[in-house]
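Engineer: Chain residues, written in single-letter form:
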Amino acid sequence: MSQTLAREQGAMPPPMSDVAIEMRGVNKWFGDYHALRDIDLTVKRGERIVICGPSGSGKSTLIRTINGLEPHEQGRIVVDGIELTSELKKIDEVRRDVGMVFQHFNLFPHLTILENCTLAPVHVRGVPQKQAEETAMHFLRRVRIPEQANKYPGQLSGGQQQRVAIARALTMNPRIMLFDEPTSALDPEMVKEVLDVMVSLAQEGMTMLVVTHVMGFARQVADRVIFMDAGQIVEMADPGTFFTDPKHERTRLFLSQILE
Amino acid sequence: MARHFVRSEVLAARPAPRRPFDPIGWLSTNLFSSPLNIAATVLSVALIAKLLPPALDWAIFDAVWVGSSREACVGPGVGACWAFVWAKIGQFIHGHYPVGERWRVDLFFVLFAAGLIPMAIPRVPFKRLNAVYLILALPLVSLLLLYGGVFGLRVVPTSQWGGLLVTIIVAAVGIATSIPLGILLALGRRSKMPVIRMLSIAFIEFWRGIPLITVLFMSSVMLPLFLPPGVDFDKLLRALIGIALYASAYMAEAVRGGLQSLPRGQYEAAGSLGLGYWPTMRKVILPQALRVSIPGIVNTAIALLKDTSLVIVIGLFDLLGIIQSNFADSNWASPATPATGYIFAALVYWVMAFAVSRYSLFLERRLDVGRRH
Ligand SMILES: Nc1ncnc2c1ncn2[C@@H]1O[C@H](COP(=O)(O)OP(=O)(O)O)[C@@H](O)[C@H]1O
Ligand SMILES: [Mg+2]
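These protein sequence lines map, in sequence, to chains A and B. All letters in the first sequence, in the order written, are residues 1 to 260 by the working numbering. All letters in the second sequence, in the order written, are residues 261 to 633 by the working numbering.
Rather than coming from a laboratory, the hints here were simulated on the basis of the structure. Backbone N, C-alpha and C fix where the C-beta goes; we use that ideal spot for every residue, glycine too.
Below 27 Å or equal to it, Euclidean Cα-Cα: the simulated DSS-like pairs (lysine-lysine) are:
1. B/Lys543 x A/Lys151
2. B/Lys452 x B/Lys543
3. A/Lys90 x B/Lys543
4. A/Lys130 x B/Lys387
5. A/Lys89 x B/Lys452
6. B/Lys543 x A/Lys130
7. B/Lys543 x A/Lys89
In silico negatives: residues of chain B with every beta carbon more than 10 Å from chain A:
8. Pro280
9. Ala315
10. Val338
11. Trp363
12. Ser419
13. Val433
14. Trp467
15. Ile554
16. Phe614
Produce the entire structure from the sequences given, and follow the hints as far as they go.
Structural biologist: The following block contains the structure:
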């Protein structure tokens, strides 16, 4: 029996510890540009974290270091008990446990929706084709587009594509999900269908890091909200405190700009 | 004054209005729309009127279609000597392959077509099996069939192969080996490993920097210098290797363009799913990159097809070579013979190149399926 189905049915092995992600003193540079500065962050299993901040503040860079899409120069990042080093094997191990959803969906345009969702299970986990298709259909039903399984990404609306992207990540049975502005590229009327899927995922206890400016989502599901500026974590608080009583000057300025 | 508008009924879609065809209008918008356009139109018509009739006279109306020797083709006002082509067509196809053994060459053409045609038609099933036949079985069987020395087939050395046979072999082997090599080189050129990247760049730039004719001369003159004396390296094989390596550099550049056209998000999506380098390339990157590279790859393939005629410089008699060598046949020497021969060679190359070009257009359109809509 596949891990996927096993975990779906609640037979999940006990977690190694209750810490999902541990970042200690993480620094990253792009050339001379100091993009992440002394990042310390501990994410507990099942925690939902929303990250916001102005454009260019390092939000994407931060979550991309968590699955090794961006290497970091200093500090420690431990994901699910695996320390991310430059070792390719470690990075691959981490990526199997961490799903990611991008702003521009990044579906594979030459593959059907179903093929998008079976590619990784078959070629990374060695799941038999037929079983991978069953799992894929299960998740496509969950994001409520099983009827699109045989279409190509280009034939779907933005909202549908993003839901496929979520389903595709889920087929790998991740313990952690990273979302990088998942609704920023969508037409307004499609934002809700994607957020609904994310909310239901949060309610099921998925560990989630979400970069978003949809503050309604933050209020509804976040355990903590992080505000970033200039590569640093400027403020971090539970959503109640964050929205009603922000302490830092820059957080207040930012909130006044996006909430008006 | 803002008034409140509310639509009371929903409008159904109506067909677009059709305009009747208007020849005068078409001419004036397409051929005579501006002074420059008028000049271009008049000049083109004048040029066609001047050149087309004599060309047709030469190729068709004044041409000699039947005849058994040069007598038919000499005389005033005689056009093309197609009788020459007709008399020599067997040699043009088979080269100096022994006449009694020509069936082996014909059988090769049949086997080749039997593999290529179903491969090219998307609807035909068993593509994997078909590919195995084309890439593994066909070359092996063809070698045994054409060279002989087994199953009671007498040996025909490659020096006797020629004509269309050699053209097809050189082009097919060149294209079939340079595409995979080119893909590997293109990937190597973008590799994160400096040694692989440098080697790939050095290889590509070396072969792109020298003319094919030089490659051929080097393969025939210089290669033997590096081999121990007495070791004879088949001349055709040497040309094949030289051409394949030369073409692979161009294929690599065509594929590189395709690789560069892919957004970084495709690599990142594959990476975030845990796909390693080779599965990412095989399943995500190359299928998309090659699709984009088709025009460049076909361009290189057509160039290669035509460049096979350069093997004449090292004494191989491909289609052009064998035609040219027949101009010396005193039985057919006439003023019209060379022109006819060259035009015939051009025609054969053109038909092959045009077919490849059309097929690639068809492929491009077909592969675009997932992109559009
Ligand atoms: N690949 C890169 N190369 C160079 N600079 C980069 C790269 N990616 C991001 N940056 C820079 O790092 C900073 C943070 O980028 P990013 O994390 O994308 O910001 P955010 O997601 O908060 O908008 C920006 O100034 C950006 O220009
Ligand atoms: Mg960003």
